[in-house]
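Residue numbers (full-length UniProt numbering), protein chains in the order written: chain E, 1 to 317; chain F, 1 to 272.
Errors might be hidden in some of the hints.
Derived PhoX-like pairs (lysine-lysine); straight-line CA-CA distance at most 20 Å [claimed, not checked]:
{"id": "1", "chain 1": "F", "residue 1": "K165", "chain 2": "F", "residue 2": "K128"}
{"id": "2", "chain 1": "E", "residue 1": "K126", "chain 2": "F", "residue 2": "K68"}
{"id": "3", "chain 1": "F", "residue 1": "K150", "chain 2": "F", "residue 2": "K68"}
{"id": "4", "chain 1": "E", "residue 1": "K116", "chain 2": "E", "residue 2": "K190"}
{"id": "5", "chain 1": "F", "residue 1": "K68", "chain 2": "E", "residue 2": "K190"}
Going by beta-carbon spacing under 10 Å, a handful of chain E positions derived as facing chain F [said to hold, decoys possible]:
{"id": "6", "residue": "E58"}
{"id": "7", "residue": "S127"}
{"id": "8", "residue": "Q146"}
{"id": "9", "residue": "L150"}
{"id": "10", "residue": "Y245"}
{"id": "11", "residue": "R298"}
Hints are computed from structural coordinates only; laboratory data are not their basis.
Just so you know, even glycine gets a beta-carbon here, dropped at the ideal spot from N, CA and C.
Below, each chain spelled out in residue letters.
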Amino acid sequence: MTTLHNMSDEDLLARFMERIEAGDKIEADDWMPEEYRLTLIKLISMHGISEIMGALPEKEWVPRAPSLQRKLGIMAKVQDEMGHGQLLLRVTEDLLKPYGKNRGDLLQDLFNGDLKFHNVFHMETKSWADAGIIGWLVDGAAIITQTDMLGASYGPYARALQRICAEEVFHAQHGESIILALAEGTDEQKAMIQEALDRWWESLLMFFGPASKETTGSSKQDVTIKYKIRTKTNEDFRQIFFDKYIPRILSLGLTIPDPTFHFDEESGLWSYKQPDWEEFKRIIKNKGPRSQARLNLRRSSYENNAWVRDALSATVN
Amino acid sequence: MSEIENGVTEASENKEAITSLLFQLADDDFLYAYRGSEWLGLAPHIEEDVASSSISQDSMGHAAMYYKLLEELGVGNADDLAHLRPAHERRNSILTERVNGEGFYMETPNYDWAYQVVRSYFYTQAKKVKVDSLCQSSYKPVAEVAVKVKMELYYHRLHWETWFKQLLSSTDVAKKKMNEAITRVMDDFGDMFSFGIQKQAIEKYKLIDSEEKLKENWLASIEPVFAALQMTVPTIPETLANNGRNGEHTVDLDEALRTLSEVYKVDPVASW
């Protein structure tokens with residue numbers, strides 16, 4: 001019998017692809033091609049760190065939430081997001097083992113700009129309606145991409161997503177409930193949602209990434225589909241998002257801030273004005289409106305707490 | 001003494017005492033939860049962010065339950081009580097309103113984890129002593145809430161005690177920071193067990209144990225931890241510059257209330 005040890009890389013790869021094709025789950029200690037490992041590291045570390053950085057814009061509204069129930073709701077939500085971040089970084093840490101890297105390295109990568117976080121979390125928040133839009137539409141968008149990966153070939157990620165998606169559904173309901181209360185409220189409250197939607201629209205389109213790598217020069221979507229990490233393209237996701245949310249947005253009496261926006265009967269697709277993809281590239285390079293401020297929050301806390309980490313490792317050793 | 005059911009038919013003195021005590025409990029947790037939530041994303045590690053944001057959330061839940069009891073007593077709408085009362089009407093202890101450190105929570109604050117650990121441990125232990133006593137309160141509604149609070153408090157106390165012990169048995173830097181934090185926290189501890197001007201009535205109606213008994217229980221509860229660390233149990237100050245239970249506060253509270261009520265005050269009548 002051939003053992004893993006005396007198989008050539010080519011044979012190992014062929015065998016790995018057979019497993020992928022057969023719908024097998026790959027586990028942390030299984031042999032995997034480096035391209036697969038690196039793709040997963042990039043995808044999952046970005047997802048994880050986005051959960052953590054994503055708690056920061058909402059944190060801005062935690063104390064300001066306008067009732068005790070809203071305060072409790074948003075506190076529960078940001079806590080979940082941190083929990084997702086922790087879960088995903090654990091998954092990434094296992095994948096990083098062969099490179100001798102750990103969580104500290106991931107945070108350094110974040111600080112020096114090598115590890116990126118989602119474009120939406122680089123943006124400013126200006127009103128309470130933003131807390132609603134983030135929960136309702138940003139988490140709604142995330143649910144669409146993440147549920148597609150529930151069947152991902154990498155077992156640890158797929159399992160983490162089971163729990164994450166279940167909680168994200170609550171977050172979207174929490175966001176929708178904030179938006180519904182505002183939509184049924186005073187004129188000032190209604191204006192607040194429209195103003196927030198106008199500001200978040202481009203970011204929401206960007207959330208799914210460019211339709212092809214020709215737009216921004218790079219895209220991992222082909223590789224992730226090849227390895228059955230996900231099944232759909234960026235544009236598929238964006239269209240699913242429109243299918244689900246455009247009717248809901250319109251039913252609240254809100255206007256889509258794109259006069260060209262329409263459903264094209266012939267292609268069966270929503271037609272929309274492309275967001276500024278050059279701006280997208282700048283944002284994810286940490287040049288968005290709040291990128292540096294939010295990174296600084298984490299950087300400074302990392303430095304301020306250096307003595308705590310020293311103290312903890314001294315206790316352990 | 002007979003058990004006091006809803007306070008509605010009771011003498012006004014009694015209702016005043018209940019109301020005052022409930023405000024002390026509610027405002028304490030409201031402010032403590034707020035200060036905790038300012039730490040989100042800034043804790044020493046991600047696991048701690050998850051744990052302490054859970055504690056802040058629980059504490060806000062406790063505040064909400066106490067405000068609800070006040071609403072049921074006809075004092076006012078719970079959200080109004082939480083968001084609209086000015087600083088001089090607040091009954092929280094000075095310790096719970098203190099800032100976490102320099103800087104605004106949204107920019108680049110310079111918060112001190114040692115202070116967070118000591119404040120949280122001492123406060124949570126004080127809350128535990130009170131909640132244990134409240135479980136036998138003559139005012140049934142608060143006794144029922146206390147039973148619920150107690151279940152979650154078990155974990156909060158365990159969490160902060162673990163941090164407290166770990167940091168005080170570690171590096172010299174950690175010990176120094178922790179000792180400085182103990183001094184700062186104790187400077188503000190004078191009104192922790194005070195009932196303010198309602199002391200006599202609160203104690204007379206057996207709503208909770210006496211101030212002296214609570215202090216005694218608190219000191220007894222932390223004594224073994226201090227003994228194990230070979231440290232002297234700190235002294236609760238007898239004299240105090242401000243008694244939060246009487247509405248005497250620091251500027252830190254004004255800033256906190258501005259943030260906490262910013263959106264609610266846009267339109268307190270609107271539904272949010």
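For each hint, the structure was consulted:
| no. | hint | in the structure |
| --- | --- | --- |
| 1 | F:K165 with F:K128 | 18 Å, holds |
| 2 | E:K126 with F:K68 | 30 Å, violated |
| 3 | F:K150 with F:K68 | 18 Å, holds |
| 4 | E:K116 with E:K190 | 34 Å, violated |
| 5 | F:K68 with E:K190 | 29 Å, violated |
| 6 | E58 | 9 Å, holds |
| 7 | S127 | 8 Å, holds |
| 8 | Q146 | 19 Å, violated |
| 9 | L150 | 23 Å, violated |
| 10 | Y245 | 22 Å, violated |
| 11 | R298 | 7 Å, holds |
Hints 2, 4, 5, 8, 9 and 10 from the earlier list are contradicted by this structure; the remaining hints agree with it.
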